[in-house]
Each structure stands twice: as C-alpha cells, then as structure tokens.
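Trainee: Use the sequences and the hints to build the structure in full.
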Amino acid sequence: MIAFLIRRLMQAVVVMFVISLISFSIQDNLGDPLRELVGQSVSEEERQALRDELGLNDPFLVQYVRFAGNALQGDLGTSYFFKEPALDVILKKLPATLELVFGATLIIILLSVPLGVYSAIKPHSWFSKTVMGLSIVGISVPVFLTAIMSIFLFSVELNWLPSYGRGELEPMFWGWESGYLTRDGLLHLVLPCFSLASIMLPLFIRLIRAEMMEVLQSEYVKYAWAKGLSPMRIYFLHALKNTMLPVITVGGVQIGTMVAYTILTETVFQWPGMGFLFLEAVNRVDTPLIVAYLIVVGAIFVVTNTVVDLIYGLVNPTVNLTGKKS
Amino acid sequence: MALLEVKNLEVTFGLRQGAVKALRDVSFSIERGERIGIVGESGAGKSVAAFSILNLISRPGYISGGEVLFEGKDLTKLSPQEMRDIRGNRIAMIFQDPMMTLNPVLTLGQQMVECLKAHRKISTAEAREVALEKLRLVHIPSPETRIDQYPHELSGGMRQRIIIAIALLLDPPLIIADEPTTALDVTIQAEIMELLLELCDSQNVGLILITHDLGVVSQVTQKAVVMYAGRVIEQGPTKEIINDAQHPYTQGLINALPQQTLPGKRLNQIPGSMPSLQKIPTGCAFHPRCEFVIEPCSRELPGFTRSGGCSVACHMVKAMKEKAAAAG
Numbered sequence: 001m002i003a004f005l006i007r008r009l010m011q012a013v014v015v016m017f018v019i020s021l022i023s024f025s026i027q028d029n030l031g032d033p034l035r036e037l038v039g040q041s042v043s044e045e046e047r048q049a050l051r052d053e054l055g056l057n058d059p060f061l062v063q064y065v066r067f068a069g070n071a072l073q074g075d076l077g078t079s080y081f082f083k084e085p086a087l088d089v090i091l092k093k094l095p096a097t098l099e100l101v102f103g104a105t106l107i108i109i110l111l112s113v114p115l116g117v118y119s120a121i122k123p124h125s126w127f128s129k130t131v132m133g134l135s136i137v138g139i140s141v142p143v144f145l146t147a148i149m150s151i152f153l154f155s156v157e158l159n160w161l162p163s164y165g166r167g168e169l170e171p172m173f174w175g176w177e178s179g180y181l182t183r184d185g186l187l188h189l190v191l192p193c194f195s196l197a198s199i200m201l202p203l204f205i206r207l208i209r210a211e212m213m214e215v216l217q218s219e220y221v222k223y224a225w226a227k228g229l230s231p232m233r234i235y236f237l238h239a240l241k242n243t244m245l246p247v248i249t250v251g252g253v254q255i256g257t258m259v260a261y262t263i264l265t266e267t268v269f270q271w272p273g274m275g276f277l278f279l280e281a282v283n284r285v286d287t288p289l290i291v292a293y294l295i296v297v298g299a300i301f302v303v304t305n306t307v308v309d310l311i312y313g314l315v316n317p318t319v320n321l322t323g324k325k326s
Numbered sequence: 001m002a003l004l005e006v007k008n009l010e011v012t013f014g015l016r017q018g019a020v021k022a023l024r025d026v027s028f029s030i031e032r033g034e035r036i037g038i039v040g041e042s043g044a045g046k047s048v049a050a051f052s053i054l055n056l057i058s059r060p061g062y063i064s065g066g067e068v069l070f071e072g073k074d075l076t077k078l079s080p081q082e083m084r085d086i087r088g089n090r091i092a093m094i095f096q097d098p099m100m101t102l103n104p105v106l107t108l109g110q111q112m113v114e115c116l117k118a119h120r121k122i123s124t125a126e127a128r129e130v131a132l133e134k135l136r137l138v139h140i141p142s143p144e145t146r147i148d149q150y151p152h153e154l155s156g157g158m159r160q161r162i163i164i165a166i167a168l169l170l171d172p173p174l175i176i177a178d179e180p181t182t183a184l185d186v187t188i189q190a191e192i193m194e195l196l197l198e199l200c201d202s203q204n205v206g207l208i209l210i211t212h213d214l215g216v217v218s219q220v221t222q223k224a225v226v227m228y229a230g231r232v233i234e235q236g237p238t239k240e241i242i243n244d245a246q247h248p249y250t251q252g253l254i255n256a257l258p259q260q261t262l263p264g265k266r267l268n269q270i271p272g273s274m275p276s277l278q279k280i281p282t283g284c285a286f287h288p289r290c291e292f293v294i295e296p297c298s299r300e301l302p303g304f305t306r307s308g309g310c311s312v313a314c315h316m317v318k319a320m321k322e323k324a325a326a327a328g
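Quick mapping for you: the protein sequence lines, in order, are chains A and B. Taken in order, the first sequence gives residues 1 to 326; the numbers are from my numbering. Taken in order, the second sequence gives residues 1 to 328; the numbers are from my numbering.
For the record, the hints were derived by calculation from the structure and aren't laboratory data. If you're wondering where the values come from, they're calculated on a predicted model, not measured in any experiment. Hints are supplied without guarantee of correctness; some may be wrong.
[Unchecked claim] Listed next, the stretches of chain A that the computed footprint assigns to chain B, with coverage defined by at least 3 CB atoms under 8 Å from CB atoms of chain B: (1) 206-212; (2) 237-250.
[Unchecked claim] Mimicking DSSO-like on lysine-lysine, the simulated pairs with C-alpha atoms at most 30 Å apart in a straight line are: (3) A/Lys222 / A/Lys122; (4) B/Lys121 / A/Lys222; (5) B/Lys279 / B/Lys239; (6) B/Lys77 / B/Lys121; (7) B/Lys7 / B/Lys265; (8) B/Lys321 / B/Lys265; (9) A/Lys122 / B/Lys21; (10) A/Lys222 / A/Lys129; (11) B/Lys117 / B/Lys239; (12) B/Lys7 / B/Lys121; (13) A/Lys92 / A/Lys122; (14) A/Lys241 / B/Lys121; (15) B/Lys21 / B/Lys7; (16) B/Lys318 / B/Lys279; (17) B/Lys318 / B/Lys21; (18) A/Lys122 / B/Lys323; (19) B/Lys265 / B/Lys21; (20) B/Lys117 / B/Lys73; (21) B/Lys323 / A/Lys222; (22) B/Lys117 / B/Lys323; (23) B/Lys117 / A/Lys222; (24) B/Lys239 / A/Lys241; (25) A/Lys93 / A/Lys83; (26) A/Lys222 / B/Lys77; (27) A/Lys241 / A/Lys129; (28) A/Lys122 / B/Lys77; (29) B/Lys239 / A/Lys222; (30) A/Lys222 / B/Lys21; (31) B/Lys318 / B/Lys239; (32) B/Lys279 / A/Lys222; (33) B/Lys73 / B/Lys121; (34) B/Lys21 / B/Lys323; (35) B/Lys73 / B/Lys7.
Ideal placement from N, C-alpha and C gives every residue a C-beta, glycine not left out.
Mentor: And the structure:
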C-alpha cells in the first residue's frame, strides 16, 4: 500500500512536470497580456519596460525555470487581473466547483447503477428500451443546450428552480461555504448538477448495462443460479461487484473530465467556480491564472485516478497494489 | 421409485429463425447411489439435458414438454421459489471449468456460506464450520486459511475440489457433473474423478456424469445413455454398451477410442460431423453418417428396440432382431 503510494507519487511528479510544461508553453499563444493589463494611453516604451519587469521578454526556458522554481514553493504566479497569487484565486473558487462535481457524481451513481442493472436484467422490457433510447439522446445533446433548455423549462416557464448563482451559503469548515447546508443552496445546485451529469450519465448507464449483460452470461453467475441463491443476491452481489470493476476505472477518468466540463456548465449558470473563472481569465489574457488553472485541474486528475486505483484494488482481489507475489 | 426420472423431455430454443428443438423425447432414470453417464459428441444435447433437469436453460431456451420427476415431484411444474429450494440443496451441480465457475471477487468462504444460508436457517459461524468440514472431506490442506482466500489463489485442481465440497454442502441425494474433469490437467483428472466417486459412494449420492469420454463412462458408471442430435439413441447397462454396442453411432464412438487402435495406425473416426439442430436430417438423424443405412433410415424415425438390457433406436438393429426371431 505504502509502496504503491510512493510509486504513484513518483509518477505524479512526472505527470505534473509534463502538464506544467505544456500549460506554460501555451501562454505565448494566447495574445498580449499587456493589452488587457494596461490602458490605451500607455506608451510603447512603458509597455516594453513593463514586459521586461514581468520577464516576458526572457527566453522560454528561462521563463519556465523561473516559473517551475516558484511553483515548487507553491507560487504559481500572480494573476494580472486580481493582483493576487493565482493559486489563492483558484482555491477560493474550488469549493463551488467541487460541490458541483460532487452533486453531479452523486446523481450519476444513484441513477446509472439501478438503471444500468435493470436494463441489463430485462433488456427487452419497454422501460429498458426507453432508457436506452433516452441515453442516446443524452449523449448526443451538448451540455450547453441541456443547460439552456433546463433553465428555460424549470426557471423561466415553470419558475420552480433558480437559474444562476449558488444561492444562500453556510460555512462548513476551513472557510468552505457550502450550498448543501441550506434549502436555497440546494435548490440552486439542482439544475447545474443535472446539466453536468447529463453528459456522463448516459455513458455510465450504457457502460454498466453492457458490462452487466456480459457478466450475467458468465459461468460463475450460472453457477450461482445452480446453487439456488436468491436473484437479489446474484444480481447485486455476484454480478454487480464484477460489473463495477471496469466501471470504477472509467469513472476515475470521467470525474476528472467532469471538472473540466464545469467550464461550460458554470458559464451557463453563472456559477462562481473555477471553470467560470478560467473562461474569464482567457478573455482577459490572464496567463498566470490560466496556467495555474491547468495545473490545478491536472493535479485533480492525478489525485482522483490514484484514489480510484486504490478503490479498485480494494474491490478486485486479483489486483495486488504492492506488486508483491503472494 | 426412481430418485430422478426424466420422461420424454423436450427443450426448445425460440430463435429468430424459428423454434429449434435441442432435446427431443429424452428419457432416463437414476436411483439413489447409482451412477449414470450421458455420452455423445459436442452438440448432442448432453449439457442441455443436464441443465434442463434444474430448469436452468437460459433464454431463449425452455422446456416445451415432458416431465422431470424428482422425489415424486415434477420439477418442470415448480414455481421459481420451489425450484430454487431444489437447486444446490437437493440436486447439486458441478460445472466443467473450475477456473470460470467460482466468482473471482468473493472468498471461498463467502461462496460456501451463502449456499448454506440460502437453504438452511443457520448462523454464519455454524455455516463456516460446515464449510470447513466439507473442505476437509475433499482433502483441502489447511482449510482454515484456504477458506478466506479468493479463487485465483488456488490451482484448477484445488478449485474443482472446492466445487465438489460446495456440491456436498447440503448433502444432496443427486449430483449432476457436467464434464467435471475435462478442463483439468491430465495428471489430476483421475485424482479428481476418484475423489468424486469415493464421496458419492460414501454419501450414497446419485451421480449423473456428463462426458464425451466413453473411457471414463466405462470405468465409473453403471448405466450409460448415448445421445445424438438431441435424442437418446441407445441406453442400458454400461458393460453391455461397451462390450456389445448395438447402435452404429455407439460402435463408432467406441472404435474412436485411442485404445482401439494399434500403435502407429491412424485413429478411427466417425465420418462427417454432428448435424446442426436447425438442419436435423429426416428419419434417423445419424443416417447420413451411418455405414449400415437400410431403406427406412432416411424416412422414418426409429423406435426403441430391446436388445439384452439395452434399448436401441436403430432400424438396422430392429431388422436384424426380427430376422433372427424369424429364423429362430
């Protein structure tokens, strides 16, 4: 277990190095930060002086080494717009995004498992066919459209749910203000979470269904029937546990992807999270903030994948995390 | 009364191309403590016959006729709940490939205890004791450690021992073993078969042995049922069938045994192959491969003729018997 974590940590260092290199190298291609940073009235000489001061005229490698050195000390640069450390700006917005991703993940787990399992057990029922049909629609419709349509339906027409913002928040811990603790906050979470979930949910329903159908054909499930076990035990223990093995792996990658997808959802719902911040940063050519965002998202990917691999090791006894021979 | 009596069993698969009968008019019976072998090439319907006894044929297959009388009850008429009470409890099954049979993500103990708990009011601790006792019965070394291990930590032979132990958990009067040694190493095949037979004898369990290996059947069973294309074509005491097979197909199977060939010679084989169930020849299904075809073979389904202790479904045998009777 410890050996596994150490090995993972070493891999993470390499991954983070590559991510930082790539994200840092795109900053030259985003436009001139000076144009946003200073007004029209500033002369070309002053601009050059400022560029020198910011180190923007140095060769790429020099800039990168300076950046990497600072990054190792937890300094990912200073946002041009906020005039604050970029990491602080992002971490302030992180709770909002994580709450969104958490809600969407919850929806995906609670819906995809029963729907996927049911449509695998009864593939010919009209309900399964409806679920399969809808999931095709769900995969095909972009999240932008889902979000706008749901605002139109549930906020504008029916007036049931709020259409933007996080609503009333309640402090939880470490200065984390949560929308899960108030009724208003929960209502504000509904539409964004469902919109975010709408991309992944159909994928997971179909994945679970396909895996489950395969597992139900296996010899060990036939054997479980021959032992006279109850259908519940066969479906939800013998079959589901095996079904979930590949699903967990895919899930780990998809949670990371979902963090990235929040850019779209947060923009539509004016959700004050990291994704919304990132889009604003792109508009303002706030390169330190953009680079910091990419690195934070990269780190989230690395962490979720490690956690998922740990869970996988716990569920699947044939996986030996330490690589030791038993 | 026989322990199990299968009467005119018929199994149909409702395929898109139309209904296909995988089993037709299959009848045989077994007494408590008796051992019978069901023999035939791949596709003869041996496994379908075995699974249909427990009503375990997967869709689109279903039992479309006949009876399976077990301890006086017709299993084909039971409710799903009543059928579940029989499975694993009164009739246990041993599957072909021990590498695939045990669930890879559950410990052996879990897979044994759940079986006991499904059929008996018993605490987990008690069930574990019963499981350990059965593991000792099948000579698993240090069962206390083994019981908490996962299937992948055991060899194929060990796993088949575990499966035999699970079959014996609830002391069933009947065990159906579907090619129990085919997937094992040749070196342990005999060992596992011996263990199975020894336990069936000591516990007075009836054994239905499904196999394509006539050699095994001749050594271990009292009765043999030979199947071809979903039908029984010859059945009777194993000794008679091996020493004096009547049906040309059974003769072909016996001649195909490697022991029947001189060293250095090509092995004997039956020409052609088993017909697909969708295209079963008219009359006797074996007639296109048979070297003794006579006039009615391609036209008329042969009925059973008694010959010694056996019954044989063959026009040629019937004709010869009639000739002999007329002459004598």
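Trainee: Determine for every hint whether it applies to the structure shown.
Mentor: Now for the hints, and whether the structure bears them out:
no., hint, in the structure
1, 206-212, "violated (count 0)"
2, 237-250, "holds (count 5)"
3, A/Lys222 / A/Lys122, "holds, 17 Å"
4, B/Lys121 / A/Lys222, "holds, 24 Å"
5, B/Lys279 / B/Lys239, "violated, 33 Å"
6, B/Lys77 / B/Lys121, "holds, 26 Å"
7, B/Lys7 / B/Lys265, "violated, 42 Å"
8, B/Lys321 / B/Lys265, "violated, 34 Å"
9, A/Lys122 / B/Lys21, "holds, 25 Å"
10, A/Lys222 / A/Lys129, "holds, 25 Å"
11, B/Lys117 / B/Lys239, "violated, 41 Å"
12, B/Lys7 / B/Lys121, "violated, 34 Å"
13, A/Lys92 / A/Lys122, "violated, 47 Å"
14, A/Lys241 / B/Lys121, "holds, 26 Å"
15, B/Lys21 / B/Lys7, "holds, 16 Å"
16, B/Lys318 / B/Lys279, "holds, 26 Å"
17, B/Lys318 / B/Lys21, "holds, 26 Å"
18, A/Lys122 / B/Lys323, "violated, 58 Å"
19, B/Lys265 / B/Lys21, "violated, 39 Å"
20, B/Lys117 / B/Lys73, "holds, 24 Å"
21, B/Lys323 / A/Lys222, "violated, 50 Å"
22, B/Lys117 / B/Lys323, "violated, 60 Å"
23, B/Lys117 / A/Lys222, "holds, 18 Å"
24, B/Lys239 / A/Lys241, "violated, 48 Å"
25, A/Lys93 / A/Lys83, "holds, 16 Å"
26, A/Lys222 / B/Lys77, "holds, 21 Å"
27, A/Lys241 / A/Lys129, "holds, 24 Å"
28, A/Lys122 / B/Lys77, "holds, 23 Å"
29, B/Lys239 / A/Lys222, "violated, 34 Å"
30, A/Lys222 / B/Lys21, "holds, 22 Å"
31, B/Lys318 / B/Lys239, "holds, 21 Å"
32, B/Lys279 / A/Lys222, "holds, 28 Å"
33, B/Lys73 / B/Lys121, "holds, 23 Å"
34, B/Lys21 / B/Lys323, "violated, 34 Å"
35, B/Lys73 / B/Lys7, "holds, 13 Å"
In summary, the numbered hints that this structure violates are 1, 5, 7, 8, 11, 12, 13, 18, 19, 21, 22, 24, 29, 34.
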